[in-house]
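Following the hints, position chain D against chain H.
Line by line, the protein sequences are chains H and D. Everything in the first sequence is counted per the numbering used here, starting at 1 for the first residue and increasing by one. Everything in the second sequence is counted per the numbering used here, starting at 1 for the first residue and increasing by one.
Keep in mind that the hints were calculated from the coordinates and are not lab data. No residue lacks a Cβ here, since even glycine has one placed at the ideal position from N, Cα and C. Heads up, some of the hints might be wrong.
Coverage of chain D stretches by chain H, computed from C-beta distances (three or more under 8 Å per stretch; other residues unrestricted) [to be verified]: (1) 140 to 146; (2) 249 to 260.
Calculated pairs, DSBU-like style, for lysine-lysine (alpha carbon to alpha carbon, straight line, at most 30 Å) [as the list claims (entries may be wrong)]: (3) Lys294/H x Lys295/D; (4) Lys295/D x Lys291/H; (5) Lys219/H x Lys295/D.
So these bits of chain D aren't anywhere near chain H, every CB distance computed over 10 Å [to be verified]: (6) Ala104; (7) Val186; (8) Leu207; (9) Pro246; (10) Gly267.
Below are the chains, spelled out letter by letter.
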Amino acid sequence: MTSRRTWLPNWLTSEHPLPWLFPVTSLLLVFGLYPVLYSLWLSFFKRNPATRIEKFEPSWNWSKLLADDRVWDAVQVTFTYAGIALFLQLALGMAIALLLDSDKRGFGVLRALMTLPLVVPPAVTGMMFLLMYDSSFGVISNSLYALNILSPENPILGTGSTALWGVIVADVWQWTPFMVLIMLAGLRALPREPFEAASIDGASSFQSFIFLTLPMMSKIIALAVLIRGIDLFRIYDYVKVMTDSGPGTATETLTAYAGTVYFKSANFPYASAVALATLLLVLVTSTIFIKLFKVRF
Amino acid sequence: MNSSTLTSLLRYTVSILIVCVFIFPIAWFALTSIKPISAVFNKDRVVVFDFEPTFENYEVTVLGGKKADTSQGASIGMGTSGAGAYDGRGSILSSLIIAVCSTALATVISLLAAYALSRMRFRGSQGYMQWILSQRFLPPIAIIIPLVFIFRDLGLRDTHLGLIIAHTLINIPIALLILKSFFDDVPLEVDQAAMIDGATRFQCFYLIVLPMIKGGIAATAVLCFIFSWTEFILSVFLTNSIRTVPVKITTFVTSTGSEWGYISALGTAAIIPGFIFILLVQNHLVRGLTMGAIKD
Chain H
1 MTSRRTWLPN
11 WLTSEHPLPW
21 LFPVTSLLLV
31 FGLYPVLYSL
41 WLSFFKRNPA
51 TRIEKFEPSW
61 NWSKLLADDR
71 VWDAVQVTFT
81 YAGIALFLQL
91 ALGMAIALLL
101 DSDKRGFGVL
111 RALMTLPLVV
121 PPAVTGMMFL
131 LMYDSSFGVI
141 SNSLYALNIL
151 SPENPILGTG
161 STALWGVIVA
171 DVWQWTPFMV
181 LIMLAGLRAL
191 PREPFEAASI
201 DGASSFQSFI
211 FLTLPMMSKI
221 IALAVLIRGI
231 DLFRIYDYVK
241 VMTDSGPGTA
251 TETLTAYAGT
261 VYFKSANFPY
271 ASAVALATLL
281 LVLVTSTIFI
291 KLFKVRF
Chain D
1 MNSSTLTSLL
11 RYTVSILIVC
21 VFIFPIAWFA
31 LTSIKPISAV
41 FNKDRVVVFD
51 FEPTFENYEV
61 TVLGGKKADT
71 SQGASIGMGT
81 SGAGAYDGRG
91 SILSSLIIAV
101 CSTALATVIS
111 LLAAYALSRM
121 RFRGSQGYMQ
131 WILSQRFLPP
141 IAIIIPLVFI
151 FRDLGLRDTH
161 LGLIIAHTLI
171 NIPIALLILK
181 SFFDDVPLEV
191 DQAAMIDGAT
201 RFQCFYLIVL
211 PMIKGGIAAT
221 AVLCFIFSWT
231 EFILSVFLTN
241 SIRTVPVKIT
251 TFVTSTGSEW
261 GYISALGTAA
271 IIPGFIFILL
281 VQNHLVRGLT
291 MGAIKD
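Here chain H stands alone, though its shape is the one from the complex (with noise of 0.2 Å):
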């Protein structure tokens, strides 16, 4: 280093990375580190709903939420909305994007309006679906019941064994363009030479889309997985919009019971448990995928 002089401690400087960081870092500790603790903390409380005083009793939340069907209620619907949506994005997106991969005229602008429904606010995409949905005026119900697919009796949203999957669609459709572009970009970052050779190999496209372009893409796909799968478990904004958890609790995820619990009961010990379990689930079963799939950022 040049022969700077300077009346501050090194560590004060520029030159060490302590300034740099200051600000993040205790932005991220005060409203991100600390509320976790404290909602630990609040989580140990029993909450006594009459005299709403609350007594420090550190197990009553934990042993309420293992004894909690609602909780393992949820816990089956978070999984099953997230297998079934990532499922469906991942091989809808890989399907579209072998599709639009082409450098002929017009796929850009195909490729820039498959990027449209990322940027429409997932409260106001319930919206969309909702309108859709409605039992007498709505596109897709009138659709269904052209079709014969579905009765007017048993409205999409208000039936037990298809409110789900009216969510679930309304999630597809949003985020399915978000596989497509990471999958893009993934199709046109491989090397030709090991197509050219496989065709000239007499291999079929399909053979070469089995044995070389999945295998090749298997880190991008880990990565899109991950990214996508902690996006589902913590889903809120469709399921409070479009059906509030209902009809009765076939919608109801981890998230959105944690909310019920706290919007009301006000028991906030309780909610704060339910909180961290959500965060418990996806620390747990990301850290397994990303063990298992060894994705690095």
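Only chain D this time, still in chain H's reference frame:
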């Protein structure tokens, strides 16, 4: 016609059809926003194009006009909420203030941290990156309940500043990781040459490297803006009277029915800034969505 032109034609057709399927919900929503009430709430059939277009819904929700006299149309689903309940101007302003400020704050402080993480070797830098990444995956619900209490104690509950901080918080990990990937694209020799010439680290950052990644910074800012503009759960929990646009729209669904005309008008208006922005950053979209993991 030989088989290859046929395949090519088929590919065009299927591609256009699929893109149409993905555009349809937006188009339908936009179409609904210019329908008169009688066409939206037609119980006998779905009205597609045969209606008199009207901009009344936009006048009420975006321009703050008076709510139309309900007696003239089929008044199905018309609530009796007070005047101004459907005026979205305040929400648009709030959303703009919050999105612009949180974008600026997140981008500026993430730039500093991203530069250090890209350029300096120090103990724990790997762990620090992991921590930032884990913040991206933190479910908002896990911090919302304590944030409500913390914000109440600090007087930030139901304020613009509170939501600006909350949105900055969710945007930092994303902005930091993307910006670091842009800094990583600039060769280290650039910094070394500047420092040999006597520049301090900060001068090197501000005068040399920053101008080199202008495009990347713009893309990052656009993505942060979109994330803040579309955010829902934090806004629901942390505010009551200040309502961002997505939250405001959900209040148009009442127990007496949904005001689909107003919902679709404000909803369509809420989509437009995102459309413009996303078309501007097409080149960096994948990098942004994967937080710098995939460069295109």
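Hints versus structure:
1. 140 to 146: Three-residue rule met by the region 140 to 146 of chain D, so holds; n is 7.
2. 249 to 260: Per the Cβ count (5), the hint holds.
3. Lys294/H x Lys295/D: 19 Å, holds
4. Lys295/D x Lys291/H: Judged against 30 Å, a Cα distance of about 23 Å means the pair holds.
5. Lys219/H x Lys295/D: 13 Å, holds
6. Ala104: Alanine 104/D is indeed farther than 10 Å from all Cβ atoms of chain H, at 13 Å.
7. Val186: 16 Å, holds
8. Leu207: The claim stands: leucine 207/D keeps its Cβ more than 10 Å from every Cβ of chain H (closest is about 12 Å).
9. Pro246: About 4 Å separates proline 246/D from the closest Cβ of chain H, which leaves it inside 10 Å; violated.
10. Gly267: The assertion about glycine 267/D is violated, with a minimum of 4 Å to chain H.
Hint check: violations occur at hints 9 and 10; the rest are consistent with the structure.
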